[in-house]
Structure formats: structure tokens, C-alpha cells
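A.B. asks: In order, the protein sequence lines correspond to chains A and B. Mapping of the first sequence onto full-length UniProt numbering: position 87 corresponds to residue 87, and the numbering continues sequentially without gaps. Mapping of the second sequence onto full-length UniProt numbering: position 55 corresponds to residue 55, and the numbering continues sequentially without gaps.
Please note that the accuracy of each hint is not assured.
One side only, chain A facing chain B, incomplete, derived with CB under 8 Å [stated by the list, open to error]:
{"#": "1", "residue": "121"}
{"#": "2", "residue": "128"}
{"#": "3", "residue": "168"}
{"#": "4", "residue": "175"}
Derived DSSO-like pairs: lysine-lysine, alpha-carbon spacing no greater than 30 Å straight-line [to be verified]:
{"#": "5", "chain 1": "A", "residue 1": "214", "chain 2": "B", "residue 2": "13"}
{"#": "6", "chain 1": "B", "residue 1": "32", "chain 2": "A", "residue 2": "183"}
{"#": "7", "chain 1": "B", "residue 1": "34", "chain 2": "A", "residue 2": "130"}
{"#": "8", "chain 1": "A", "residue 1": "73", "chain 2": "B", "residue 2": "32"}
{"#": "9", "chain 1": "B", "residue 1": "34", "chain 2": "A", "residue 2": "290"}
{"#": "10", "chain 1": "A", "residue 1": "130", "chain 2": "A", "residue 2": "112"}
{"#": "11", "chain 1": "A", "residue 1": "183", "chain 2": "B", "residue 2": "13"}
{"#": "12", "chain 1": "B", "residue 1": "17", "chain 2": "A", "residue 2": "130"}
{"#": "13", "chain 1": "B", "residue 1": "34", "chain 2": "A", "residue 2": "183"}
{"#": "14", "chain 1": "A", "residue 1": "159", "chain 2": "B", "residue 2": "13"}
{"#": "15", "chain 1": "A", "residue 1": "266", "chain 2": "B", "residue 2": "13"}
{"#": "16", "chain 1": "A", "residue 1": "192", "chain 2": "A", "residue 2": "159"}
{"#": "17", "chain 1": "A", "residue 1": "266", "chain 2": "A", "residue 2": "192"}
{"#": "18", "chain 1": "B", "residue 1": "34", "chain 2": "A", "residue 2": "266"}
{"#": "19", "chain 1": "B", "residue 1": "55", "chain 2": "A", "residue 2": "178"}
{"#": "20", "chain 1": "A", "residue 1": "183", "chain 2": "B", "residue 2": "27"}
{"#": "21", "chain 1": "B", "residue 1": "13", "chain 2": "A", "residue 2": "130"}
{"#": "22", "chain 1": "A", "residue 1": "112", "chain 2": "A", "residue 2": "192"}
{"#": "23", "chain 1": "A", "residue 1": "112", "chain 2": "A", "residue 2": "99"}
{"#": "24", "chain 1": "B", "residue 1": "13", "chain 2": "A", "residue 2": "255"}
{"#": "25", "chain 1": "B", "residue 1": "55", "chain 2": "A", "residue 2": "121"}
What follows is a set of in silico ranges between Cβ atoms, one per label pair, in the way DEER data are often shown [unchecked claim]:
{"#": "26", "chain 1": "B", "residue 1": "28", "chain 2": "A", "residue 2": "146", "range": "15 to 25 Å"}
{"#": "27", "chain 1": "B", "residue 1": "9", "chain 2": "A", "residue 2": "108", "range": "51 to 61 Å"}
{"#": "28", "chain 1": "B", "residue 1": "25", "chain 2": "A", "residue 2": "123", "range": "19 to 29 Å"}
{"#": "29", "chain 1": "B", "residue 1": "23", "chain 2": "A", "residue 2": "146", "range": "16 to 26 Å"}
{"#": "30", "chain 1": "A", "residue 1": "99", "chain 2": "B", "residue 2": "25", "range": "47 to 57 Å"}
{"#": "31", "chain 1": "A", "residue 1": "317", "chain 2": "B", "residue 2": "42", "range": "39 to 49 Å"}
{"#": "32", "chain 1": "B", "residue 1": "25", "chain 2": "A", "residue 2": "317", "range": "13 to 23 Å"}
{"#": "33", "chain 1": "A", "residue 1": "286", "chain 2": "B", "residue 2": "52", "range": "29 to 39 Å"}
{"#": "34", "chain 1": "A", "residue 1": "99", "chain 2": "B", "residue 2": "28", "range": "54 to 64 Å"}
{"#": "35", "chain 1": "A", "residue 1": "112", "chain 2": "B", "residue 2": "49", "range": "20 to 30 Å"}
{"#": "36", "chain 1": "B", "residue 1": "42", "chain 2": "A", "residue 2": "93", "range": "55 to 65 Å"}
Calculated from the structure, these hints are not laboratory results. Small disclaimer: the values here were computed from a predicted structure and weren't measured. Glycine included, C-beta positions come from ideal geometry on N, C-alpha and C.
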Amino acid sequence: MSEDLLHLFEIFDKNTGWFFDFLVITFSISIAILIGIYLYRFASGKSDLMGRKTEEPTQDNQVTLLQLESCRKKNEELEKKQVLLEQEVQELLDLLKEKEQELSKNAVNLMKAVQEVEILKQLYEELDAKYDDETYTMSQIMYTADEVAAAIANEERFKQNRDDIFMNLLDYLVNTLKNFRDKNPRVIIHVKHPNHPGKLTHYAHSSGHTHRVKIYEPPLYGSAAGRAWRTQEVYYAPDVEDQKYEYDRKEHSRKVYRSILCIPLKAGVEHPNIIGVLSITGTPANAFEKIEIERALLFASLIYPLIYIDLKQEGRLP
Amino acid sequence: MGWFRTLPPEERKRLNKLYREGSISRKQFMQKMKNGFFDHERLAVKEKFTRLIQKRDWEEEPEF
Numbered sequence: 001m002s003e004d005l006l007h008l009f010e011i012f013d014k015n016t017g018w019f020f021d022f023l024v025i026t027f028s029i030s031i032a033i034l035i036g037i038y039l040y041r042f043a044s045g046k047s048d049l050m051g052r053k054t055e056e057p058t059q060d061n062q063v064t065l066l067q068l069e070s071c072r073k074k075n076e077e078l079e080k081k082q083v084l085l086e087q088e089v090q091e092l093l094d095l096l097k098e099k100e101q102e103l104s105k106n107a108v109n110l111m112k113a114v115q116e117v118e119i120l121k122q123l124y125e126e127l128d129a130k131y132d133d134e135t136y137t138m139s140q141i142m143y144t145a146d147e148v149a150a151a152i153a154n155e156e157r158f159k160q161n162r163d164d165i166f167m168n169l170l171d172y173l174v175n176t177l178k179n180f181r182d183k184n185p186r187v188i189i190h191v192k193h194p195n196h197p198g199k200l201t202h203y204a205h206s207s208g209h210t211h212r213v214k215i216y217e218p219p220l221y222g223s224a225a226g227r228a229w230r231t232q233e234v235y236y237a238p239d240v241e242d243q244k245y246e247y248d249r250k251e252h253s254r255k256v257y258r259s260i261l262c263i264p265l266k267a268g269v270e271h272p273n274i275i276g277v278l279s280i281t282g283t284p285a286n287a288f289e290k291i292e293i294e295r296a297l298l299f300a301s302l303i304y305p306l307i308y309i310d311l312k313q314e315g316r317l318p
Numbered sequence: 001m002g003w004f005r006t007l008p009p010e011e012r013k014r015l016n017k018l019y020r021e022g023s024i025s026r027k028q029f030m031q032k033m034k035n036g037f038f039d040h041e042r043l044a045v046k047e048k049f050t051r052l053i054q055k056r057d058w059e060e061e062p063e064f
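Could you put the whole structure together from the sequences, leaning on the hints where they help?
C.D. replies: Structure, rendered in C-alpha cells:
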């Protein structure tokens with residue numbers, strides 16, 4: 001087979017020498033043209049070193065590039081906006097925190113205000129109750145003054161109903177004292193004894209006493225009423241069991257009180273004219289408040305004229 | 001001027017008796033004895049106060 005092929009080449013060489021030369025020349029020229037084209041394309045940038053065609057942007061590619069550029073710009077803008085929004089969110093969160101703190105503070109203040117309103121409400125109710133009590137006392141004073149005036153105006157009626165009128169008058173005083181049921185206050189008036197210079201004697205009393213109230217004659221020394229008579233000053237013994245107070249501690253006494261308040265019945269300040277002592281007893285110790293003592297003083301002044309006129313008419317006053 | 005009417009002595013005695021017997025409370029006794037005397041201004045202020053408190057109570061309680 002190879003011999004045949006060699007034989008063919010020999011025949012071909014003998015008969016086609018010119019054709020081979022022509023083929024070589026043609027091939028060489030083609031190579032040179034190709035190299036020229038290659039160099040031209042490389043120099044003009046139409047192909048790269050390896051002879052590959054450089055890509056020229058097509059219309060579609062340009063659109064895509066523009067879109068990409070647009071997207072990139074939008075992305076940058078969005079990123080900037082995101083940063084701004086994050087800052088804004090942070091600021092808002094800070095503001096929210098601040099407002100929450102402010103709200104919490106305001107809530108505390110509001111709670112305090114609500115509590116203060118409740119306290120004020122209670123204070124008002126307390127004040128109103130006291131005002132109510134004062135206006136009631138005013139009415140009792142008015143009725144006392146009315147009864148005193150009626151007694152002075154109608155002497156005969158007074159003489160006939162003396163005990164009853166005084167009981168009524170002194171009950172007005174008792175009714176102004178608070179916690180009547182607990183204190184069980186009782187009032188008695190003593191005047192100078194007509195026969196014993198060292199003693200006082202019964203003159204009048206409020207309701208609630210037994211008949212024995214008329215028997216007791218307090219000594220001028222050693223009794224609460226006697227002390228008020230001597231000093232011509234209000235004498236309050238908040239606890240008669242306390243030895244420091246001047247009080248007549250009688251043996252086998254049936255006393256049912258711990259407090260005693262004695263008020264001199266007197267007129268004038270510089271040269272007081274004392275005519276008796278008004279005493280109020282109360283069941284518990286420390287039975288009387290300052291306002292009650294002041295009311296008792298007022299009532300003592302109110303009934304003074306009636307007692308004075310009565311004693312004067314009976315010749316028991318100088 | 002019709003409100004200047006004091007209680008007659010008999011009525012005062014009757015009220016006093018009722019109070020001492022415990023048939024009426026001190027509050028009732030006080031109101032009946034006063035019979036409106038010396039109480040106009042107090043009641044007027046109290047009415048104002050009650051109106052104010054009622055107005056406040058109608059509003060919703062604050063929530064915390």
C-alpha cells in the first residue's frame with residue numbers, strides 16, 4: 001500500500017512539477033495576505049493579540065449598560081436614603097424614649113395630683129363637718145340667748161319653772177359637746193354657800209343627774225370648783241384620778257367621770273364679779289377639746305345675767 | 001324674710017328629748033335644731049363643691 005502511495009507521488013512529481021510550484025506560491029501569497037489582515041485588524045483594534053474579534057457594543061448592549069448604570073445610581077441613592085432613614089429612625093427612637101420618660105413623669109405627677117385631690121376632698125369634708133358643727137352651735141347659742149331673755153322678761157314664769165328652765169339652758173351647752181353618748185356630759189352650777197363661807201352650794205344642773213347632785217357642797221379648798229372660784233380662772237382636770245389636780249376625792253364616791261371642767265361665772269376682766277362656778281363632767285379622761293372648753297366659756301357668759309338677776313333678787317349677792 | 005323662723009321652745013324640748021333617748025342621731029338633731037339658721041353659706045359652698053366633685057367623677061379615670 002505504501003509502495004503504491006510512493007509510486008503515486010513519483011508519478012505526480014514527474015508530471016506536475018509546475019503545479020506544485022504554483023501551489024507553493026499561491027499558498028505563500030495567501031499567508032502573507034492573512035498576516036497583513038491580521039496586523040491591520042490588530043492595529044486598528046478590531047481584534048486582540050490572539051486574533052479574536054473585539055466586541056463592539058451593540059444597541060441591546062448599550063440599553064443594558066444604560067439600565068445597569070441607572071440601577072447603580074438608583075442603588076446609590078437608595079443606599080443614601082437608607083442611611084438617612086436609619087438616622088431618622090434612630091432620632092425618632094430617641095425622641096420616643098424621651099417622650100416615654102416625659103409621659104412616665106407626667107403619669108407620676110398626675111397620680112400625685114389625683115391623690116392630692118382626694119386629700120383635699122377629705123380635708124374639705126372635715127372642714128365642712130366642723131363648719132356644720134359651728135353653725136349648729138350658733139343655733140344653740142341663739143336659743144340659749146332666747147331662753148335667757150324670756151326668763152328675764154317673764155320673772156314669774158322663771159320663778160315657777162326655775163329648775164326646768166336651767167335644765168333646758170344647760171342642755172343646750174351639753175348638746176354642743178361632741179360624742180355625747182361616750183362622754184355623757186353633765187353640767188352643774190354652784191354658787192356661794194349662804195351659811196358656810198368655805199363652801200359652795202348647788203344652784204342648778206342639766207339633765208342626767210340624780211337628786212344627790214343637790215347634796216354635794218364643794219369646798220373652796222380641795223375641790224376643782226373651789227379652785228375655779230378662788231382663782232377666778234378656768235380649771236380643767238382632764239383626769240381626776242391624777243393626784244396633781246385639785247379635786248375633792250370623796251370616800252365611797254359614786255362618781256362616773258374622769259374629766260371635769262370648771263368655769264367661773266364672772267363678769268368683767270379687771271375687777272371680775274364672780275357669782276358661781278359652772279362645772280362639766282365627762283366620762284372618759286381627756287373628755288374635752290379646746291373648742292368645747294371655749295364653747296362652755298361662751299355659754300357661761302350667756303347665762304350669767306340670768307343667774308346674777310336671780311341671786312340679786314334673792315339677796316344672795318352683795 | 002320668711003326663713004327667719006326659730007323653732008318654738010316646745011319643739012326644741014321635744015327634739016332634745018328625742019336626741020337624749022337616742023331616737024334621732026346627732027346629725028338629724030343638729031339639722032332639725034338649726035332649721036336652716038346660719039347654714040345658708042355653708043350649704044351654698046357645699047353645693048358648689050359637690051358639683052365640682054361630680055363633674056370630676058364623671059370623667060374617666062386616668063390609665064397608667
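A.B. asks: It remains to establish, for every hint, whether it holds in the given structure.
C.D. replies: Here is what the structure says about each hint:
no.	hint	result
1	121	7 Å, holds
2	128	6 Å, holds
3	168	7 Å, holds
4	175	7 Å, holds
5	A:214 x B:13	23 Å, holds
6	B:32 x A:183	22 Å, holds
7	B:34 x A:130	14 Å, holds
8	A:73 x B:32	93 Å, violated
9	B:34 x A:290	23 Å, holds
10	A:130 x A:112	27 Å, holds
11	A:183 x B:13	21 Å, holds
12	B:17 x A:130	24 Å, holds
13	B:34 x A:183	23 Å, holds
14	A:159 x B:13	19 Å, holds
15	A:266 x B:13	28 Å, holds
16	A:192 x A:159	20 Å, holds
17	A:266 x A:192	13 Å, holds
18	B:34 x A:266	29 Å, holds
19	B:55 x A:178	33 Å, violated
20	A:183 x B:27	17 Å, holds
21	B:13 x A:130	24 Å, holds
22	A:112 x A:192	61 Å, violated
23	A:112 x A:99	20 Å, holds
24	B:13 x A:255	27 Å, holds
25	B:55 x A:121	14 Å, holds
26	B:28 x A:146: 15 to 25 Å	22 Å, holds
27	B:9 x A:108: 51 to 61 Å	60 Å, holds
28	B:25 x A:123: 19 to 29 Å	24 Å, holds
29	B:23 x A:146: 16 to 26 Å	24 Å, holds
30	A:99 x B:25: 47 to 57 Å	54 Å, holds
31	A:317 x B:42: 39 to 49 Å	41 Å, holds
32	B:25 x A:317: 13 to 23 Å	42 Å, violated
33	A:286 x B:52: 29 to 39 Å	37 Å, holds
34	A:99 x B:28: 54 to 64 Å	55 Å, holds
35	A:112 x B:49: 20 to 30 Å	21 Å, holds
36	B:42 x A:93: 55 to 65 Å	56 Å, holds
Going down the numbered hints, you'll see the structure goes against 8, 19, 22 and 32, while the others check out.
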